[in-house]
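Combine both chains into one complex, guided by the hints.
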Amino acid sequence: MATAKEILPKLLEIDGCLGACIVDSNSGMMLGAIGGGNVNLEVAAAGNTEVVRAKRKTMKALNLNEQIEDMLISLGKQYHLIRPLTTNDALFIYVVLDRARANLAMARHILTGLEKQLVV
Amino acid sequence: MFHVLVVDDDLSFARAIEGDLRHQGFAVEIASDVSEALSQARRKSFDVLLTDLHVGTHDGMELLTALRDVSPHTRAVLMSGFATARDYERAVELGAVRVLSKPFTPEDLMQCIRQAVDCGSGFRGSVHGLSLVDLLQMYKFGRRSVKIAVSGRSVGSLYMQDGDLVHAEHEDHTGEAAVASLLAMPDGTLGTSVLPLGVPHTISRDFQTVLLSALRTIDEARPRTEVPPVPDDDAGFEHSLDAALSRSQEPQGPPPEAELPPQERVLQRTRQMDGYLAGCMFLAESGGVVCFDGSIDLRPAASLTAEALRRKQQTITDMGMDDEAEDLLVTCTHHYHLLRRLNSDIPAYIYIVLDRDRTNPTLAMIELEHVVREQTTSTQRGE
Numbered sequence: 088m089a090t091a092k093e094i095l096p097k098l099l100e101i102d103g104c105l106g107a108c109i110v111d112s113n114s115g116m117m118l119g120a121i122g123g124g125n126v127n128l129e130v131a132a133a134g135n136t137e138v139v140r141a142k143r144k145t146m147k148a149l150n151l152n153e154q155i156e157d158m159l160i161s162l163g164k165q166y167h168l169i170r171p172l173t174t175n176d177a178l179f180i181y182v183v184l185d186r187a188r189a190n191l192a193m194a195r196h197i198l199t200g201l202e203k204q205l206v207v
Numbered sequence: 020m021f022h023v024l025v026v027d028d029d030l031s032f033a034r035a036i037e038g039d040l041r042h043q044g045f046a047v048e049i050a051s052d053v054s055e056a057l058s059q060a061r062r063k064s065f066d067v068l069l070t071d072l073h074v075g076t077h078d079g080m081e082l083l084t085a086l087r088d089v090s091p092h093t094r095a096v097l098m099s100g101f102a103t104a105r106d107y108e109r110a111v112e113l114g115a116v117r118v119l120s121k122p123f124t125p126e127d128l129m130q131c132i133r134q135a136v137d138c139g140s141g142f143r144g145s146v147h148g149l150s151l152v153d154l155l156q157m158y159k160f161g162r163r164s165v166k167i168a169v170s171g172r173s174v175g176s177l178y179m180q181d182g183d184l185v186h187a188e189h190e191d192h193t194g195e196a197a198v199a200s201l202l203a204m205p206d207g208t209l210g211t212s213v214l215p216l217g218v219p220h221t222i223s224r225d226f227q228t229v230l231l232s233a234l235r236t237i238d239e240a241r242p243r244t245e246v247p248p249v250p251d252d253d254a255g256f257e258h259s260l261d262a263a264l265s266r267s268q269e270p271q272g273p274p275p276e277a278e279l280p281p282q283e284r285v286l287q288r289t290r291q292m293d294g295y296l297a298g299c300m301f302l303a304e305s306g307g308v309v310c311f312d313g314s315i316d317l318r319p320a321a322s323l324t325a326e327a328l329r330r331k332q333q334t335i336t337d338m339g340m341d342d343e344a345e346d347l348l349v350t351c352t353h354h355y356h357l358l359r360r361l362n363s364d365i366p367a368y369i370y371i372v373l374d375r376d377r378t379n380p381t382l383a384m385i386e387l388e389h390v391v392r393e394q395t396t397s398t399q400r401g402e
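Chains as they are written, first to last, in my numbering: chain A, 88 to 207; chain B, 20 to 402.
Heads up, a few of these hints could be off.
[Said to hold, decoys possible] Examples of chain A residues toward chain B, derived with CB under 10 Å:
| id | residue |
| --- | --- |
| 1 | Ser114 |
| 2 | Gly122 |
| 3 | Asn127 |
| 4 | Val130 |
| 5 | Ala133 |
| 6 | Asn135 |
| 7 | Lys144 |
| 8 | Lys147 |
| 9 | Glu156 |
| 10 | Leu162 |
| 11 | Gly163 |
| 12 | Gln165 |
| 13 | Asp176 |
| 14 | Met193 |
Honestly, the hints are just simulated from the structure, not real lab data. Each residue gets a CB set at the ideal place from its N, CA and C atoms; glycine is no exception.
Chain B extracted, bound-state conformation (with noise of 0.2 Å):
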């Protein structure tokens, strides 16, 4: 349960604050006056405390002011019906989470409470330098519920919630049509607040896919030189690997793009990920390259990592675990080495080389095991 203490010489005002949060299930406190306020934080831990602007004959910033010393955890809220724009500036100096105006409703009161109860560990301030996606991405790592309200040429507002996004609104969107509008904003500035109650859920798709979706339908969107479209008339993934295979044994570099057999497809799409140097594939078993391209010859590597990923294997099967390696991101210096297992009838790997410079290495896994998945479901369909 969390812990609110409210401080206002208007008793009557404080009482009705009170009621509204126990009501919501927080365990609260009244002081009238400052020095109460102190005395009562030096005697208890407090998550919240709600101070008016004018307490008596004192200033609700001397309080704040004192508060940091006393109890230092306690995020504090600000009321007030009259304050400047310095007054706002001093709050926050002084560590306050909101200024909340009066008059209030009991919905504004807790959402302000909720955000100052969440504002109870980890950082507060002003950013800069990320982007849309890195941000949705610390958010869905940190599992938090949480607004991000973003204003470039125009404004929108994203809703996270225990780190999956369950709605988004810009302009005449909603939903994933929205993710894709607000990622496509080059720039702009976005804060973030508590999660609103009653927020509708227009998102049922899970993160990693409605993010990759909306990238990919970003990146359809812009003029395309340098990649030509994809034949259809392939006959599936894993009923050519051998035919490719086959092929691979004299090596003589990677075929016309306008030939891609299916497999190769999965390569080609891999070379649009951000900071793609070089890719190919290989059975699990054998180590055999099926096909390859790019920059750097993975064709010498291929065995190695067919070894060590068979260690990596017989290593969970030897500590008695029924489970299996997915995917394996080594970091170096320069690169990334990212490599997937293919839901293929003949076990293999995809092994990709990227750029660390130019790479977000989550962003390229979750882009990787979309391919992939891609792959199968289109195999599957017998495309």
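Only chain A is shown next, with the shape it has when bound in the complex (with noise of 0.2 Å):
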């Protein structure tokens, strides 16, 4: 188990990863946030809540009995990662990679063992 403050620095260690936070979905607002350069991580937590939100209602629509588990959206530059804590799906970690420095198997797998870990 790990607390937000020492699970942000290990997500800044997966290869390519230009900022990571942890967002609660209810408010668009960060728990907590590390790294990001340029990537404006308060807009992204922000716009990024409202994504979740939208595709949560599609899911709602289709009928499908079943929970996001990540979501995984590719730019021309970047991935970005979208993961919904499984012990509280109000809160998701986001994170954004270089898409020329990543290796996104790897990110997505360190990415699912931290969130297990994380404890809010």
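As structure tokens, then:
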């Protein structure tokens, strides 16, 4: 088990990681963030909250009784990974990866492992 | 620079090896007996230890055993002119990367040392149940340079450099034809080794294109009953979106396949993807459904999904990034939801749902990208 403070530096160690944050999808506010550089994580947190909400509405509309485990959005230069916490689906981890440097399979694997350890 | 420790009581032989390795840019030290070798390994970190099976009165195996405690990260290579099968087995059990049979050429030596260096991180061992496609994708993502030797009904090899397929050989085939014939083998065994020097480059297209082309060749060679031929008389994709949209205002289910308009040809192609359950195409702005298909009615999801994508694009813009979302993969408990932007005049997306138990999501993303690219190309050609 690990706190957000302990998990965030580990997220930044993922190859190609530009920044990461833990977001409360009820408010769109960040519980913690690390890295970022040119990436405005605060804006990203709020914006991606809307993405997660809209996708959840989609699942409901389809009457598919299942949970979102993760979302991967491929941009031209980046990957954005969103992973709701299994223990509290109001929260999600958001990771921005440099597409040229990231190993996507490894990043998803590490993110899954860290998400399971996270206690908020 | 990589550091190699050569252990042999025949100093002239050890010096010859030292010369070869230094010439290739390795830092080399020599030890003439086991205790000296262990003493050096305690003092300094070596990437590779190259030892003879018999060093003076000692057994090279003793050195391998002791090395595991003294310098566990050092990869060992055993040299021998008369190693038995049992020696091979023991050497591998003790962590040796290779047993190099004497006499050997400088090229053999270099390949062996490079393999040992390459094993400097990660795991080694035996695996089973992997498909060749799985393995290729792993090496692709790891951007590795390896030779994959495949043995099944016949033998062949695939060569990857920095994660890209550069060469393949199988029976009389080379290049992409060999990739296709190797992937068509239903089972067999495989082994990896370091990429040899001077491998010819018979494959020039990118990894994804080569893989998909090979898989399509295999697929087309199979007898087919369920999918009828597609008519050739369509007038292009983007120009017919509006017409298709107006047709979809009163949804009546998928039309007969024999009358497929071009955009539905894209859906027809996705229908052949492993694990396919349902698909639809919708306009990015309005969420209006252009066409749909499959066991899950995706029409109620189209406008909500369009909203999710608009939100994402807005977020990207708000973040000050000059970029666009190309595709979106949502992993759910039982399904994958995969969306990809179409390269059409009217902004539109294709949305497919795949059974998670029967889908390789990476391959699905590559395949969908290819389907969209192919549709764009055929539209540009006016087919």
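* Hints not upheld, ascending by number -> Of the numbered hints given earlier, those the structure breaks are 1, 2, 13, listed in rising order.
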